[in-house]
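So the chains spell out like this:
There are 2 protein chains.
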Amino acid sequence: MDIPDTPAVPVEALTALLDGRWAHIREEARKRMAERGLPDTADLTTEQYRAVVFEEMRALAESGYPTTGFAPEYGGAGDPGGSLTAFEMLGFGDLSVMVKAGVQWGLFGGAIEALGTKAHHDAHLRAMMSMDLPGSYAMTEVGHGSDVQNLRTTATFDGDGFVISTPDESARKEYIGNAARDGKLAVVFAQLIVGGERHGVHALLVPLRDEDGAVLPGVRIEDCGPKAGLNGVDNGRIWFDDVRVPRGALLDRYGSVDADGTYHSPIEGDGKRFFTMLGTLIRGRISVAGAAGSAAKKALAIAVRYGERRTQFEHPDTGAEIVVLDYLAHQRKLLPALATSYALHFAQEEMVSALHDLPEDADRRELESRAAGIKAVGTWHTTRTVQACREACGGAGYLMENQLPRIKADTDVFTTFEGDNTVLLQLVAKGLLTGYQQHIGERGMALFIADQFVETVIERTAARGLIERLVNAVTPRDEETDLLDRGWHIKVFEDREKHVLDTLARRLRRAADPDTDAFEVFNDAQDHALRAARVHIDRIVLEAFVAAIERAPSPLLNRVCDLYALANIEQDLDWFLGHGRFTTARAKAVTGAVNALCRALRPHASSLVEAFAIPDRLIAAPIALGDNHTTVSAARVMGSHGKGESGKAVAR
Amino acid sequence: MDIPDTPAVPVEALTALLDGRWAHIREEARKRMAERGLPDTADLTTEQYRAVVFEEMRALAESGYPTTGFAPEYGGAGDPGGSLTAFEMLGFGDLSVMVKAGVQWGLFGGAIEALGTKAHHDAHLRAMMSMDLPGSYAMTEVGHGSDVQNLRTTATFDGDGFVISTPDESARKEYIGNAARDGKLAVVFAQLIVGGERHGVHALLVPLRDEDGAVLPGVRIEDCGPKAGLNGVDNGRIWFDDVRVPRGALLDRYGSVDADGTYHSPIEGDGKRFFTMLGTLIRGRISVAGAAGSAAKKALAIAVRYGERRTQFEHPDTGAEIVVLDYLAHQRKLLPALATSYALHFAQEEMVSALHDLPEDADRRELESRAAGIKAVGTWHTTRTVQACREACGGAGYLMENQLPRIKADTDVFTTFEGDNTVLLQLVAKGLLTGYQQHIGERGMALFIADQFVETVIERTAARGLIERLVNAVTPRDEETDLLDRGWHIKVFEDREKHVLDTLARRLRRAADPDTDAFEVFNDAQDHALRAARVHIDRIVLEAFVAAIERAPSPLLNRVCDLYALANIEQDLDWFLGHGRFTTARAKAVTGAVNALCRALRPHASSLVEAFAIPDRLIAAPIALGDNHTTVSAARVMGSHGKGESGKAVAR
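As they're listed, the protein sequences go chains A and B. If you number the first sequence the way the working numbering does, the last residue is 652 and the count never jumps. If you number the second sequence the way the working numbering does, the last residue is 652 and the count never jumps.
The set of hints was computed from the structure by calculation and includes no laboratory data. We put the beta carbon where it would ideally sit given N, CA and C, even for glycine. A hint or two may mislead.
Using C-beta positions, here's what the derived DEER-type ranges look like [as the list claims (entries may be wrong)]: (1) Ala42/B with Leu625/A: 30 to 36 Å; (2) Ile3/A with Ile267/B: 44 to 50 Å; (3) Glu610/B with Ile3/A: 49 to 55 Å; (4) Arg469/B with Thr503/A: 25 to 31 Å; (5) Arg507/B with Gly319/A: 22 to 28 Å; (6) Ala42/B with Arg507/A: 45 to 51 Å; (7) Leu216/B with Gln48/A: 32 to 38 Å; (8) Gln48/A with Asp361/B: 57 to 63 Å; (9) Gly261/A with Gln48/B: 57 to 63 Å; (10) Ala51/A with Arg58/B: 36 to 42 Å; (11) Glu550/B with Gln48/A: 54 to 60 Å; (12) Lys588/B with Ile3/A: 32 to 38 Å.
Beyond 10 Å from chain A on every Cβ pair, some chain B residues (computed) [stated by the list, open to error]: (13) Arg36; (14) Asp212; (15) Pro226; (16) Arg273; (17) Pro359; (18) Lys491; (19) Ala518; (20) Glu570; (21) Pro603; (22) Asp616.
Okay, chain A solo, but in the shape it has when bound (with noise of 0.2 Å):
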C-alpha cells in the first residue's frame, strides 16, 4: 500500500490543536513548570525527597492551578475543567509532586467538597487548598483493596460521637498518601453503625496529627517503606485504636446522624447510596489518566528524539549508518504508541468536558465507567509504550540521567491504584449490561450477573452527526472499502462492540438459573467480559478523535488517526478473523496498511512530539537534548592523565 505524502504541519499548529478548550492553562503550566523546572532529587534520602515534593507542593498552591477546581467562595475558580488539566500538565514534572497533587487536592480535598456540607467546607476547604491542611484519603485497607464495599473499619455511634476503629489487621488502612509524614487530617471511610445498626460504608473526617506533627492519640501510623516509584510521596498505613471524633466529623451529604441517633440519607438504600458516594473517584481516576498519558508523551518525546539522531549498521549499497528511526521495526515500536497517545489525549479533553459540563444533578454513570475505562485503557498504554521507548534507546535508556527509568518506576503503579485496571475495567463491562442495577446490593461489586438483557445499543458520545454521515457512507460491501476509509474504521469498531457485548451477555444470562453457580458463570466470561470493556473504550476514544480532527481539520492528525484505527484493528486481527469479519486477504492488508503508515509518518514523527510543546527542562534528558556526547559533568570524570583536560576532552 503506498500512502500519498502528508504536508507537514507547524509544531505550533500542532499544539494549538492539542491544547484545545483549556489552552491558557496548558501555556500557563508549561510556563511555570519550565521556570521550575524538575526537582534535583538524585542524591537525596526518601525523608529529603519527600521534603522536596513538600516544598513543590506549597510552590503549586500559590500558583492556584491545582485548586482552580473548587468553588470561588473558598479561593478557587469553580473551572473543574481547568483543575484536570492542570493534573495533566503535573505528568510532565516529577511524578511524585502529581500523585501527592492528586491526593491532597483531588481525593483529600475532592472528598470534603463532595462528601461534606458547608460546615466542612467553612472548617476546611481554605487551609487545605493552601496546604496548611495535609490530608490523607484512608479508604484502601490491606485486606479490601478494590472491594471498598466490604472494607472493615469501623465508625460506631456511641450517643455523642463516633468511635473509629480498626477491627483487625485486615482493616488497617494501607498505602495511604500524606500518611507517613505530613497528613494532619483523614477523611476515613468505615463501616457506619448507628444503635447496633449499620449503614454501609461513610466518610469521617479523623485527625491524625497534632499542631507540631505528632501522631494523635489512638492512632498509630507505619511508613510502607520504599517503593518501586513515586517515593516524593509518603505512603503509609494507618490503625485507629477506639478513636473517638465528634458528630460533626461525618461527611453528612448523603448521609447523617441526628443528635438523637437518627440516621438519614437523601439516598434509598446501602448501595446506590454507597456507588454515589464512589463518584467522588471520579476526578481522581480522570487524573491518573491525564498524568499517564503525559507521562507517556513525554518517553515518546525522548525516544523519538533519540531515535532521530542515533545511527545503527550501514545502509548496504551506500555505506552510510542508518538513522535507528528509519528502520521499521523501531517505527513500529514507537509510531502506533504515539498514534494511540493522541487519540487518549482527545479523549481525555473529551472526558474533562463532559464533566465539566455536567449539571449538578445530572447522571454521571456513563462518565464514571467512561473515567474507569480510559484510566484503565490509558495506564496500561503507558506502562507499555514507556517499556517500548525504554527498549528503544538501549543501555542510554536505562540510565537514570535519561529519565525513562524514572517514568517507568513512577507510572508503574499507575495500573493498580486509584482502581485496579481489570476490576475498573469489569466495572465498565457491568455498566454496558443493562439490569445489573438490581443484583449490585446482593452480588457484589465485581460480579454482574443480570436475568434480562436487551439488546445492546452503541450510544455515541462524540460528533454523533459526523460518525453516523461517515459510518452510513460506507459501502455494504467491506471488503473493497478503503482501508484509510474512517466510516469503516468506526464502523468496524462498532461492529466489534456490539457483537462482543451481545454475546457476553447471552453468556451471562446462563447466571439467572438459580441451579447454577453463578461464580462460575461470570469466571468462565471474565477475559470476555473485559474485552467488552476494552474495545468499548476503544470505540469511545477513536470517537474522540475524529471529532478533534472534525473540529479543526488536519490531514496530518487524519494520518495519524489512521494508524491508530488500524493498528488496534491490526491487535485483535485474530478475533475479526475469528468472527468471519475480514478475509485472510483483509488481514494481511491491514497489516501492510500499518506498516505503510509508519512509513508515512516517519518523517512527522519530530513534529508529532515536539507538538506537545514539553519544556526541554522538564524533558532533561541529556539523550534528548542535543548531543548524546556532551552529556558528562566534569565532577564524574576519575581519571585524567592523558592529554587534555576532563571537560575539554569531553567537548573535543
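Fit chain B to the known structure of chain A by using the hints.
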C-alpha cells in the same frame, strides 16, 4: 472443553525433573545462597552497594561455582555446563552480583580464555578467577552498540607494541561493567592497524588501574551514574588517549602480529574472523537467558503465593471471599507465563548441555543462533512476566520490600544488553536463511540478503525420533485432532516456522536484483524476519519441553506443556487464521482450551512454583512469606499512643 483432573506430583519430584543434569550444582548453589541470603542493600548509597557486591564477588570466587568452567590447570573444573548452571542460579539472588559475575568470569575471563593463548592464560586466569584481578570487557562504544564490526577505537602497531586510541566521542567505550570502580585490566576491542593496513576488530589487554586502584595515564574513566537497576555494578565510560601496550597484549588466538610487523591469522577474511571472535559472546548470552529465567521464576513464586492467599470480593452465592487466583483473569496473567517459564527452563538446560558437549572444533553457528534467540525470547518473557506479577500483586507489588520492583528494575536491561533483542532476532533470521554468508562482509551484520535460497528445512534439535513419531501419528485432518495432541502442537509449530521462513526467503530474494534498494527490501520485511526468528525459537523451545517429558514422563508436566503450546498458538491466532491454517471454530476452541488448562492447572500452581525450590531467604518478600499482616517492623511504627505496644498491636 473439560480436562480431567491431573494427579498431584510431590514438589520434590518436580524439582528433581527441573534440576536435571547439573542437579548437584543447583543443590549446592541453593544451600550456599540460602545461607548467605540477599545482601541488605536497602539503605545503601551507590558506592556502598558496589562495595557490598564486590565482597559478594570475593565470597563467590571462594565458593568456586562461577569459575568451575575454566580449565583444571588454572584451578577450574573444566565444567562449562556447571558454570552456566551456576550463573542461572545466581538469578535467584541479587542481580547486581549476577551481572558483575558475568562481566568478570563470563566476558572478561571468557575472552582471555577464548581469544588469548597460553601466555595470557598463565599470566591472568588465576588472578581473574580469584577476583584479585577485576576486569572489564570493553567492547560497546556509545556510537556503535550493536554494530560491533564498525567500532572505532584503534589499536595501531607502532613497530614495538600497540597504541590504543579513542578517535572521537562516538568511540568512547560505554556501559562497561567493572569500569567505574574496580576494573584493573580490560579486554579492549579495537580496529587493528598494522603498517597502515586494517585487519578488523581484535581484542587487546589494556591495564586500567594500578595496584592502588588509581586510573593509569592516558586512560579516562567516567561513571555512568545511577541506573534503573543493577546499581551494585559499576558501569563506566572509557576513553583511551594513545595508550601504549606491548605486542603481547594482543589476544592472539585468531590474529597475531610478528615482531617485524607481519599480521597472521588462522582464519581468512576479516568478516569470518570477526564472527569467530564474537562467538565468545555465546556464554554471556546463555548466562543472561538463564538468570532472566530464574528472575521470572522468583517473580512467579511471589505472585502465585500471594494469589493463593489474597482474597477479593465475595462469592455471589456463598458470600465467602474469593481467592484471587480463582479468577480466570488472574490465572490468565500468571499461568501461561508459568508454563512458558517451564518450557524455557528445559530449552535452557538443553542449550547448556549442547554447549557443554560440543567438540572444540565443531561448527558453533547453530548454537550461537539458538543462544541469541533464546536470550531474546527469554528476556522478553521475563520483562512481561515480572510486570504481570507486579500487577497481580497490586499495591503490594509496588513496595520494595516485596522484591518485585527490584526484580523488575534489575532485569529490565536484559532485553537490550548482551545484544539488543531485536538485533539478536535478526541474527537468528539471517542464520535460518542459507547462502547468507557470501554477503555478510559487505552488507553489514544486521542486514541479510541472499541471492539464492534453498527450500527451508526444519532441523529438529531435540528428541528427533520421538518428535518424528508424534508428528506422523497426527491424522491429516487437523481440524479433528485433539487439541491436546502433542504431535499436533509440534506440527503446528513446524508448519508455522516453515511457512514464515519460506515466504521471508521469497520476499528477500528481490534484493538480489541490483536495481532494487537492498535496504528497502530488507526493511519492508523486517517484522516478517523478526517473526521468523521468534517462531523458530518457539519451536525449539517446545521440542526441548517434549524431550524433557520423554526423559521423565509426568502427567502434570504434560499439562504444563499443553498450556505452553496452546497459549503460544493463541498468541498467533491472527497468523493461523490469516494463513488459512485454522477454521474460526478451531481458533475459538484454542482459546477455550487455554481457559480450560488454566482451570486444570490452578490447583497445581503452588506445586509448580515451589518446585523451583527457591530458598525463602532469597524470595524475601513478606507477601510471599507467611501472613501479609505480620510484616511490620516495630521500628517503622511512628505513633502508638493507643492501647497496645506497637509490636504487640501489630501481631494481634
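Each hint tested on the structure:
Checked against the hint of 30 to 36 Å, the pair Ala42/B and Leu625/A passes, with Cβ atoms roughly 33 Å apart. Separation of Ile3/A from Ile267/B is about 47 Å and conforms to the stated range, judged on CB atoms against 44 to 50 Å. Between Glu610/B and Ile3/A the CB atoms are about 54 Å apart, so this pair conforms to the stated range of 49 to 55 Å. With their beta carbons about 40 Å apart, Arg469/B and Thr503/A fall outside the hinted range of 25 to 31 Å.
Between Arg507/B and Gly319/A the C-beta distance comes to about 24 Å, which sits within the given range of 22 to 28 Å. At about 48 Å, the beta-carbon gap between Ala42/B and Arg507/A stays in the expected band of 45 to 51 Å. At roughly 37 Å, the beta carbons of Leu216/B and Gln48/A sit within the given window of 32 to 38 Å. Range check, Gln48/A to Asp361/B: Cβ separation about 60 Å, and the 57 to 63 Å hint holds.
Hint check: Gly261/A to Gln48/B, Cβ distance near 59 Å, so the stated range 57 to 63 Å holds. A C-beta distance of roughly 38 Å is found between Ala51/A and Arg58/B, which places it inside the suggested range of 36 to 42 Å. The beta-carbon spacing between Glu550/B and Gln48/A, approximately 59 Å, falls within the hinted interval of 54 to 60 Å. Between Lys588/B and Ile3/A, the C-beta spacing of about 34 Å keeps the proposed range 32 to 38 Å intact.
Residue placement check: Arg36/B keeps its beta carbon more than 10 Å from all beta carbons of chain A (closest about 22 Å). With a minimum CB-CB distance of about 13 Å to chain A, Asp212/B clears the 10 Å threshold, and the non-interface call stands. Its closest Cβ contact with chain A, about 4 Å, brings Pro226/B to no more than 10 Å, contrary to its assignment away from the interface. The non-interface label for Arg273/B is consistent with chain A: the shortest C-beta to C-beta separation is roughly 19 Å, beyond 10 Å.
Interface exclusion of Pro359/B from chain A stands, the closest Cβ pair being 33 Å apart, more than 10 Å. Remark: the non-interface label on Lys491/B is consistent with the geometry, its nearest Cβ contact in chain A lying 20 Å away (cut-off 10 Å). Chain A draws Ala518/B into its interface by the beta-carbon criterion, the shortest separation being 4 Å against a cut-off of 10 Å. Some Cβ of chain A comes within 10 Å of the Cβ of Glu570/B; the nearest lies about 8 Å off, and the non-interface call is violated.
In this structure Pro603/B is separated from chain A by more than 10 Å, as the shortest Cβ-Cβ distance comes to about 15 Å. Once the 10 Å rule is applied to beta carbons, Asp616/B is consistent with being away from chain A; the minimum gap is 20 Å.
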